[in-house]
Amino acid sequence: MIAIIDYGAGNLRSVANAMAKLGHQSRITSRAEEIQKAQAVILPGVGAAGDTMDSLRKLGLIEPIKQLIAEDRPFFGVCVGLQVLFTGTEEGGGHDCLGIIPGRVKKLPAGRKVPHMGWNQVRQRVSHPVFEGIPDGANFYFVHSYYGEPDDKSLAIGETEYGVTMGSVIARGNLVATQFHPEKSGDYGLKMYQNFLRHARNGKNA
Amino acid sequence: MLTKRIIPCLDVKDGRVVKGTSFVRLRDAGDPVELSAFYYEQGADELVFLDISATPEGRDTLVDVVERISEQVFIPLTVGGGLRTTDDMRRMLKAGADKVSINTAAVLTPELIREGAAKFGSQCIVVAIDAKRVENGPRAKWEVYTHSGQQPTGIDALFWAQQAVAMGAGEILLTSIDADGHRAGYDIELTRTISEAVTVPVIASGGAGALEDLYQALVAGRADAVLAASIFHYGMHSIPETKEYLAKKGIAIRIEG
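Taken in sequence, the protein lines are chains A and B.
If you're matching positions, the first sequence starts at 208 in this note's numbering and goes up one per residue.
If you're matching positions, the second sequence starts at 364 in this note's numbering and goes up one per residue.
Since the hints were made in silico from the structure, they are not lab data.
Hints should not be assumed to be uniformly reliable.
Stated by the list, open to error - Here are a few chain B residues that face chain A, going by a calculated C-beta distance under 8 Å: (1) Leu365; (2) Ile438; (3) Gly459; (4) Val563.
Claimed, not checked - DSSO-like, lysine-lysine: derived pairs with alpha carbons at most 27 Å apart: (5) A/Lys244 - A/Lys314; (6) A/Lys244 - B/Lys457; (7) B/Lys612 - A/Lys314; (8) A/Lys228 - B/Lys457; (9) B/Lys457 - A/Lys398; (10) A/Lys244 - A/Lys265; (11) A/Lys320 - B/Lys376; (12) A/Lys273 - B/Lys612; (13) A/Lys273 - B/Lys495; (14) B/Lys482 - B/Lys457; (15) A/Lys244 - A/Lys228; (16) A/Lys244 - A/Lys398; (17) B/Lys504 - A/Lys320; (18) B/Lys482 - A/Lys313; (19) A/Lys314 - B/Lys611; (20) A/Lys273 - A/Lys320; (21) B/Lys457 - A/Lys265; (22) A/Lys313 - A/Lys244; (23) B/Lys611 - A/Lys265; (24) A/Lys398 - A/Lys228.
Quick reminder that beta carbons are idealized off the backbone N, C-alpha and C, glycines included.
Input sequences plus hints: build the corresponding full structure.
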C-alpha cells in the first residue's frame with residue numbers, strides 16, 4: 208500500500224488516480240501509523256510551504272516523516288512536498304522547513320511570468336533509476352513560484368531553466384522529490400512514479 | 364525553456380459536449396470523458412471545461428464527469444462556468460480539477476478571487492475575462508462583459524485584469540467577444556495589452572480559425588497559451604498538426620511520445 212499524505216490541501220485525487228492507473232493501491236491518509244506502515248509514501252503539494260509545515264505539525268507528522276526518511280524508506284515529495292524538505296523557505300516572510308535537505312527555498316527571479324506555469328524540460332544530470340525510459344529533456348508540468356536550492360548540488364539529479372537553473376528532481380537514496388507534478392505530466396510523469404515504485408519495491412538504494 | 368500551451372476547450376451542457384461531434388474516430392464524441400481521453404492522447408497540454416448547464420442538476424453531472432476524466436487524463440484540468448462560491452470551487456477541485464475558472468462571479472464579488480486564492484492557492488484560480496473593444500487606435504480600450512458576454516459592466520478590461528491579479532488570480536483566460544466564433548484570428552492587440560500588463564500567464568481565446576492565428580497570438584500577442592474550440596472539435600486541425608506547425612515556426616512546444 209502506498210500512503211498519500213493528506214494535510215488538507217492539494218489535488219490528492221490526481222496522485223491517487225496516477226497510482227491506480229499504474230496498478231497500485233494507495234490510501235490518502237493523515238494517520239502516522241498508516242504512513243509508517245506504507246511501502247512507499249508520497250507527499251503531494253500545492254499552496255504555500257509555511258501552511259504545509261503548519262498542517263504537518265498540527266497532524267503530528269513532522270517526526271514520522273523525518274524518521275521515515277532517516278531510515279531511507281521510499282519517499283516521494285511533489286512541488287511544495289519538495290520544498291518542505293529543505294532547511295527553510297523565503298516564502299511568506301520566511302519559515303523553517305523539515306531540514307532534511309540542507310539548503311534554502313527561494314523566490315523565482317523577476318523578469319518572467321510567475322508562477323512558472325506549464326511544461327518545461329528536465330535535463331538529466333546523471334543516470335538514475337527514476338529516469339529509466341524517459342528521454343533527457345522530456346517535458347514535465349510545473350506550477351510554482353519558489354524553488355529549492357540544495358547546498359549539495361549533486362543531489363539535484365535533474366535540472367530545469369526558468370530565469371535560473373533549478374534542481375527540478377532531487378534524489379538521495381530512496382528519497383525522490385520533484386518540483387513538477389508527475390501526476391499532471393502525461394506518460395512520462397506516470398513513468399517516473401512507476402520507476403520510483405519499482406525501485407522502492409526492489410529495496411535498492413540509488 | 365517553458366513551452367507554450369495548446370488548450371482545447373470543451374463546452375459541456377448537462378454532462379454532454381455540445382460542440383464538435385464530428386470526430387469519426389470516436390464512438391461518442393459527445394461524451395466529454397471520451398473526447399478528453401482523445402485530446403490527451405493527441406498531446407493536448409491542458410484541458411478547459413466550460414459548463415453551460417442552466418440548472419444545478421446539470422452542474423452536478425459535471426462533477427461526476429470531472430471525476431471520471433481525472434482517472435484517465437494526466438494533464439491539468441480547468442473547470443469553469445457557474446462557480447459562485449469557494450464551496451463550488453472546492454467541489455470541482457475535489458472531483459479532480461486542478462484549477463477553477465471564474466468570470467461573472469469574480470466581477471460581481473471580487474472578494475471571491477482573494478478567498479479562493481487563500482483557500483486553494485493562486486495557482487488554482489483562473490479569472491476569465493470576456494472583453495469587447497470599445498475604442499480603436501492608439502488609445503484602444505476594451506470593456507468587460509459578464510453573463511456569457513451579454514452584459515456590459517463599464518469596467519475597463521486592462522484595469523480588471525490587473526485588479527484580478529492583485530487579488531490573487533494565478534492566470535487570466537482572456538476572450539475577445541468581437542473575435543469569438545468568427546475564426547478570423549484572435550484580438551492580438553487585446554492579448555498583448557493584457558499579457559504585458561500582468562505578471563501571471565495569459566491564455567488567449569476567441570477567434571482561432573487558422574494555425575497562423577495561434578502563432579500570432581503567441582508571438583505578436585505574447586500569450587503564454589492558446590485556447591481553441593472549433594478548429595479542434597470540427598477536425599479542421601489536429602493537435603499534433605498544430606504543434607508541429609508551431610514548432611517549425613520556432614515556438615517552444617511540447618512534442619513527445
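Evaluation of the provided hints:
1. Leu365: holds (5 Å)
2. Ile438: OK, holds: B/Ile438 within 8 Å of chain A, min 6 Å.
3. Gly459: holds (5 Å)
4. Val563: holds (6 Å)
5. A/Lys244 - A/Lys314: violated (35 Å)
6. A/Lys244 - B/Lys457: Distance of about 26 Å is within 27 Å: holds.
7. B/Lys612 - A/Lys314: violated (32 Å)
8. A/Lys228 - B/Lys457: Judged against 27 Å, a Cα distance of about 18 Å means the pair holds.
9. B/Lys457 - A/Lys398: Holds: B/Lys457 and A/Lys398 sit about 24 Å apart, inside 27 Å.
10. A/Lys244 - A/Lys265: holds (20 Å)
11. A/Lys320 - B/Lys376: With a Cα-Cα distance of about 34 Å, the restraint between A/Lys320 and B/Lys376 is violated, given a limit of 27 Å.
12. A/Lys273 - B/Lys612: violated (49 Å)
13. A/Lys273 - B/Lys495: Answer violated: A/Lys273 to B/Lys495 is near 54 Å, above 27 Å.
14. B/Lys482 - B/Lys457: holds (13 Å)
15. A/Lys244 - A/Lys228: holds (22 Å)
16. A/Lys244 - A/Lys398: holds (24 Å)
17. B/Lys504 - A/Lys320: Between B/Lys504 and A/Lys320 the Cα gap is close to 23 Å, so the pair holds against 27 Å.
18. B/Lys482 - A/Lys313: Holds, at about 22 Å.
19. A/Lys314 - B/Lys611: violated (34 Å)
20. A/Lys273 - A/Lys320: violated (34 Å)
21. B/Lys457 - A/Lys265: holds (22 Å)
22. A/Lys313 - A/Lys244: violated (33 Å)
23. B/Lys611 - A/Lys265: Violated, because 52 Å separates the two Cα atoms, which is more than 27 Å.
24. A/Lys398 - A/Lys228: Cα-Cα ~11 Å, so holds.
Hints 5, 7, 11, 12, 13, 19, 20, 22, 23 from the list above are not met by this structure, while the remaining hints are.
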